[in-house]
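Trainee: Listed here are the chains, written in short residue letters.
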Amino acid sequence: MYDSGKIISGLFIFVGIVTLPFWYNAGKAFVKPDPSLDTPVIRQMKEKHCIESKQYMIDKHMQLLNDWRNEVVRENRTIYVNSSGQYFTMSLEDTCFHCHSNEKQFCNQCHSYVNIEPYCWECHVKPKEEIANGQR
Amino acid sequence: MDNDKRRFLRLMGISTGLLAGSSLFGGMSSILKLGTKFNGDALASQGMEYGKFASDPKALKANRWAIAIDLRKFKTHDDYKRCIDACDNIHNIPVIPNNQEIKWIWEENYENAFPEQQNKYLEEELKDKPVLLLCNQCEYPPCVRVCPTGATFKRPDGIVMMDYHRCIGCRYCMAGCPYGSRSFNFQDPRPFIKHIDPEYPTRTKGVVEKCDFCIERLDKGLPPACVEASKGSIIFGDLSDTNSDIRKVLSNNFTVRRKPELGTQPNVFYII
Amino acid sequence: MIEKVFYGSKKYWAWVIFLIVLLGTCFHFYLMQFNEGLKITGLSRNVSWGLYIAQFTYLVGVAASAVMLVIPYYLHHYKAFSKMIILGEFMAIAAVTMCMLFIFVDLGQPTRVLNVLLYPQPHSIMFWDMTVLAGYLGLNLIIGWTTLEAERKNATPPSWVRPLIYLSVAWAISIHTVTAFLYAGLPGRPFWMSAIMAARFLASAFCAGPAILLLLVFLIQKVSKYAVGEEAVNALAKIITYAMSANVFFMLLEVFTAFYSHIPDEMNSFKYLYYGIDGQHALVPFMWTSAGLGLLSLALLIPPSLRNNKKLLPFALAALVMSTWIDKGLGLIVAGFIPNPFDKITEYLPTFPEIMIAVGVYTIGVFILTILWKVAISVKEKSTT
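Protein chains in written order, with this note's numbering: chain A, 1 to 136; chain B, 1 to 272; chain C, 1 to 385.
Because the hints were derived from the structure by calculation, they are not lab data. The structure presented is a predicted model; accordingly, all values stated were derived computationally and were not measured. If a hint is listed, it holds; no wrong ones were tucked in.
Derived contacts from chain B toward chain C, CB cut-off under 10 Å, selection only: (1) 113; (2) 145; (3) 150; (4) 151; (5) 177; (6) 204; (7) 208.
Below, in silico cross-link-like pairs of lysine to aspartate or glutamate (EDC-like), each with a Cα-Cα straight-line distance of 16 Å or less: (8) C:344 <-> B:107; (9) C:39 <-> B:188; (10) A:126 <-> A:93.
Beta carbons: idealized from backbone N, C-alpha and C, even for Gly.
Full structure from sequences and hints, please.
Mentor: Set out below in C-alpha cells:
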C-alpha cells in the first residue's frame, strides 16, 4: 500500500471521531424520562383523561398538534371531536395547557432526553405557572 | 484509472445515489402528505385513530367580511387611540421605537391615506384629520398572489389570513401590498411587548404580520376589537348579506376606498 | 477533473486561503443575523428589500449573460469564443449560486426555506424564480462539465448535450424575465410597474455580465498563461457596447414616460433618486455617479478605435460595471419603496454587518468561480482541440 502510514493513521482518526458519541458518554447515568401529571387542574379531575388515549398521545401528539394547527389556521375549524365523541377546542394554550400547565416537569422530560427543542415557544406563550415562576 | 475500478466506483455511486434518492423521495412524499389539505379519511385508512373536525357553531360566518369606518364620528384623539390600543393590547403587538416598527392599525393624515386625492385646496377640516389605516382584506389581494409558500391566503369568508408557521419571511407580500399594511418582525418582539396577553400568541422574529379582522374573536362570536372599541364609529358586517348593517351604511353614504384604481377591491370603506 | 483544484501555484493557494478566511469572518456576521434577526440590517417597515435582494437581481443578470457567448458559439458556430465559452458558463454557475444564497440570507426564517418546495404556489412569481434558477444551475453544471470533460479526453461532446444547450439559451432569457416579473407585476409599486422592466433587465444583464467576464478574463490572462484570443475579446466588446446602448436607451425611455406624463407616482421615485425629496437625498450622489460612469463607458466603447484599445478597454468595462451595479444593485430596488404606499419616505442605507454578509456571499461566489475556472483553465491548457 502506498502512503500506508498516512492512510492507517487517518483511518484511526476517522473511526475515533465517528464513534465519539459512544465512548464520550460511556459510564454516564441515564435517567429515564418521568413526565409528571401533577398539576392543580389534573389533581381536581375526577376522571383523568386527555384528548385521546395515553398511548395515542405519546405516539402521535406531534401529528395531532400538526393537524390541529392546519385545521385552526388554514381551514378555520376550531372544534375537535375525539374518538369517544367528546368536543375539545383545538388550542395549545387554552386546551392542552389548561391541564398540563407544568412544562418543565411534563413536556421537557422527554424532549430534553431526546434533545428536541420544539420551537412552539417562540410564538406561543408558555403556561401561566411558568410565567409565575419568572420563566418566559 | 483502471476500468474495473472505475466501474466499481460508478456502481457504488449509483447505488448510493439511488438509496439516498429513494429515502429522500419517501421522506418528501410523507411530508408532502402532511403538507397537503388535511384528509381525515386517509388517516383513518392508515389505521390512525382519528377524530373529526368541525367549526364552532357560535363563530360568526360570512362570505365577504368588510368594515366601514365613519370618519365623521372620529372627533378626538382618544377616539382613534381607543381603537388602536384595543388591537395592540389583545394581539401582543410590540412597541418598537424605530422604523422597524410593527403596526396592524394606525393613523395617517388624509393626504397620506389617500395620496391619489392630492388637493392643494383641501377642505380645512380634512387637512389635519387622521384616518385609520389597516389591512384592506382585499378581494383580489396582491400579497396572496405573490406569496411563494401560501403562508398568506384568502379564506372563504374574505379575510386575508396569515399562517405564521409557514411564513419564510421573504417579504414579497410586503412589496406586493399597495397599502403598506404589513409589518415584518426584524427581531424577537417579546422584549417590546408591554404586557403579554397569555391567551394570544406572540409572533417570532422573521415572519410578516398584519391585521386579520380578529379571527380569534370572530370564532367566539365577537366583532373585531377595533370595531368594539370604536363604539359604533366602525361598522362591521357581511357584504353578501343584503340586510347587514354595513350594506345599509354603504347604500346610504358616499364611501371611498384606498387606491380603487388598482383593482384590488378593498373591503375597508371610508365615510369622509 | 476536479482533482485539478488541488494543484496550483503558491499564489493560487494564497488566494484560496484568503477567500476561506474572509468567508469565515463574514459568516460570523451572518450568525449574528441568524440569531438576532434582520434588525441588524438597514431595512425598515417601509423599505423591506435592500442590499441582498438588489445583489440577487444584479447577479441573475450576470448569470443570464452567459447566453451572449452561447448564442454565437453554439447557434452560429462562432469558433473565436471557444476559449471563453466555458469561462462564461462557469461564471454563470457561480452567479446563480450567489443569487440563491442572497435570497437565503435575506429570509427571515431561513430554516423554513423548503416550504417553497413543500407547498408550491404556481401563482407566485417567486416560486417560479426558485424553479428556473435551480434549473439554470443544473443546466450549466451539466453542460459545462460535460463539454469540458469531453475536451479533456480530446473527444466531441455527447449528442445529448446539444438539446440541453438550446434549452439553456431559452432558459437564460427566462431567468431574468421571471426576475423582472417579480417587480413588474406589483400594482402598488409604480416605479417598477412597467412593461419595459424585463427588457431593461435583459439589456443591462447582457452588458454587465460579459463586462464582468471580460474583466475577469483580463485578470486571468495576467496571473496565468491562459489567453482567450484577441478576436474573442473584440467580439464580446462589440456585444457589450450594443447591449449597454440599449440599456441606456431603455432607461431614458422610462424617464420620458415618467416626466412627460407628469404623474406624481411615476415621477416620485426618479425624483428621490436623482434629486431628493424633502431634503432626503442619500442616494443622489450614487445615482449621478452611475449616470456619469454609464455615459463615460459608452463614450469609451462606441468608437472602435477606443474600444479596441486594450489599455483603455478595462477602464471602460469597469465604468460600465460600476454604473450598472449602482443602478440595479442599489437604486432600482430601494427606489421602488420610496415613497412608500402612503407617501412617506424612509431612507435606506445598508449597515456594516449587512455589507459584510453580502461580501460573504460574494466570497462564496468568487470561491466557486476560482475552483471552476482552475479546472477549466487546467484542462484547456493541456487540450489539443
